[in-house]
Amino acid sequence: MDVYEVFVKKDGRDEFRHVGALEAATDELALVLAREGYVRRAEGDRLWVVRRDHVIVADDGFVAPNADKPHRHHDGAAVAARRRAAREAPE
Amino acid sequence: MSDRSGIREFLLAFADDEHLMGQQHTEWIGVAPFLEEDLAFSSIGQDELGHAALLYELVLELDGIEPTDAAVDQLAFRRSSRDYRSCHLVEYTTGGWAEALVRHWIYDTFEELRWEQVSDSAMPRLASITRRARREEAFHRRHADALLDKLLAAPEARSRITDALQTIAHLVPGLCEATAGEASAIAAGVTAGPTAKLFEPLARAIEERFSPSVGVGTDETGRFVTSATAGLTTTDQDQRTRRSDWFEPLMARMREVLDYDPAAVW
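Taken in order, these protein sequences are the chains called A and B.
Under the numbering used here, think of the first position of the first sequence as 1, with each following residue one higher.
Under the numbering used here, think of the first position of the second sequence as 92, with each following residue one higher.
Some hints here could point you the wrong way.
The following label-pair restraints were derived from C-beta to C-beta distances [to be verified]: (1) B:Arg344 - A:Glu43: 27 to 33 Å; (2) A:Trp48 - B:Arg173: 47 to 53 Å; (3) A:Glu28 - B:Ser171: 42 to 48 Å; (4) A:His74 - B:Pro215: 53 to 59 Å; (5) A:Val50 - B:Leu349: 39 to 45 Å; (6) A:Val19 - B:Arg295: 35 to 41 Å; (7) B:Asp350 - A:Lys10: 40 to 46 Å; (8) B:Ala244 - A:Val63: 40 to 46 Å; (9) A:Ala58 - B:Arg223: 44 to 50 Å; (10) B:Ala213 - A:Val19: 39 to 45 Å; (11) A:Arg41 - B:Pro215: 26 to 32 Å.
Don't read these hints as lab results, they were simulated from the structure.
We put the CB at the ideal spot given by N, CA and C, even for glycine.
Kindly generate the complete structure, drawing on both the sequences and the hints.
Pasting the structure below:
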């Protein structure tokens with residue numbers, strides 16, 4: 001059995017969202033089981049299943065260095081706070 | 092038999108099959124071989140129960156009874172055993188998952204043919220129920236096929252499925268057996284033809300699906316035969332007017348909650 005990740009897209013503008021996972025023996029079974037397990041209440045109108053081992057996974061720490069880059073955030077609040085702190089700091 | 096009571100009996104046989112099949116499928120919730128499957132199988136069972144409820148409503152309308160939930164329940168659960176028109180395949184208590192799966196495939200293959208026969212029904216509500224049901228049935232069959240494609244390729248599973256088919260094969264002709272009232276339903280255009288005519292295409296489909304692994308075949312008239320079905324015909328069993336030994340225990344399970352408090356409002 002392979003693990004498959006299940007993605008559902010709601011009607012309209014929403015993007016595909018990850019809704020869960022399941023185990024199945026074939027791609028076709030993954031689809032029919034996802035249909036009954038994840039969209040039996042018409043939670044979305046489109047469905048993807050992706051074999052988990054087909055997902056390309058980044059190493060731990062791959063993203064971590066980007067955790068401290070306030071200048072890349074749109075709202076400017078973090079940058080403004082830094083500038084204020086710099087202004088008010090003793091000479 | 093008058094037209095109306097004949098049509099009623101035809102619809103009742105259809106509804107009772109859907110009802111009991113739906114019940115039997117949903118009994119796998121929590122105990123199917125794996126989590127995803129018990130959810131899927133029960134969900135398919137719910138579809139069949141939904142079709143049964145719609146067909147029971149048609150029966151009540153013919154009876155001049157308003158099809159309230161209580162009236163549908165009364166018809167579905169509270170009739171005397173002799174008033175049911177189910178076939179023995181849907182009453183059968185399976186010996187396990189392999190039999191349940193083979194029955195699921197056979198029943199849903201039959202259903203595709205059965206719904207097709209009423210798709211242009213002179214009864215407009217039946218034609219509209221059919222449109223809805225056929226959209227769902229295609230997925231039922233696809234689910235069963237996906238499992239069988241995988242399992243028939245594995246030696247141990249194939250042998251279990253072979254045994255299962257041999258065990259339940261003698262119940263297959265009864266599925267295609269008509270009620271006495273069917274002639275009225277055909278005359279009135281409610282259905283396009285006799286249910287018995289579905290046996291040959293069903294037998295062919297069974298042969299195509301299972302024969303490379305199971306060794307079933309057809310006799311000189313094209314009839315589906317295994318060692319278990321040899322000698323049976325589609326009309327000599329009279330199953331729909333007499334209940335099998337499996338019926339009462341099944342009904343007892345179905346009525347268990349209802350019987351705690353028959354007057355409860357849900």
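Hint check:
1. The beta-carbon spacing between Arg344 (chain B) and Glu43 (chain A), approximately 31 Å, falls within the hinted interval of 27 to 33 Å.
2. Taking the beta carbon of each, Trp48 (chain A) and Arg173 (chain B) are about 51 Å apart, inside 47 to 53 Å as hinted.
3. For the pair Glu28 (chain A) and Ser171 (chain B), the supplied restraint of 42 to 48 Å holds, since their beta-carbon distance comes to about 44 Å.
4. At about 58 Å, the CB distance of His74 (chain A) to Pro215 (chain B) agrees with the hint of 53 to 59 Å.
5. Look at Val50 (chain A) against Leu349 (chain B): about 44 Å separates their beta carbons, and that is inside 39 to 45 Å.
6. Look at Val19 (chain A) against Arg295 (chain B): about 40 Å separates their beta carbons, and that is inside 35 to 41 Å.
7. A hinted range of 40 to 46 Å for the beta carbons of Asp350 (chain B) and Lys10 (chain A) is consistent with their spacing of about 42 Å.
8. Take Ala244 (chain B) and Val63 (chain A): their Cβ atoms lie about 42 Å apart, and the range 40 to 46 Å holds.
9. A beta carbon spacing of about 46 Å between Ala58 (chain A) and Arg223 (chain B) agrees with the range 44 to 50 Å that was offered as a hint.
10. Between Ala213 (chain B) and Val19 (chain A) the Cβ separation comes to about 44 Å, which falls inside the hinted range of 39 to 45 Å.
11. Separated by about 28 Å at the C-beta atoms, Arg41 (chain A) and Pro215 (chain B) satisfy the suggested range of 26 to 32 Å.
Of the hints listed earlier, there is not a single one the structure fails to meet.
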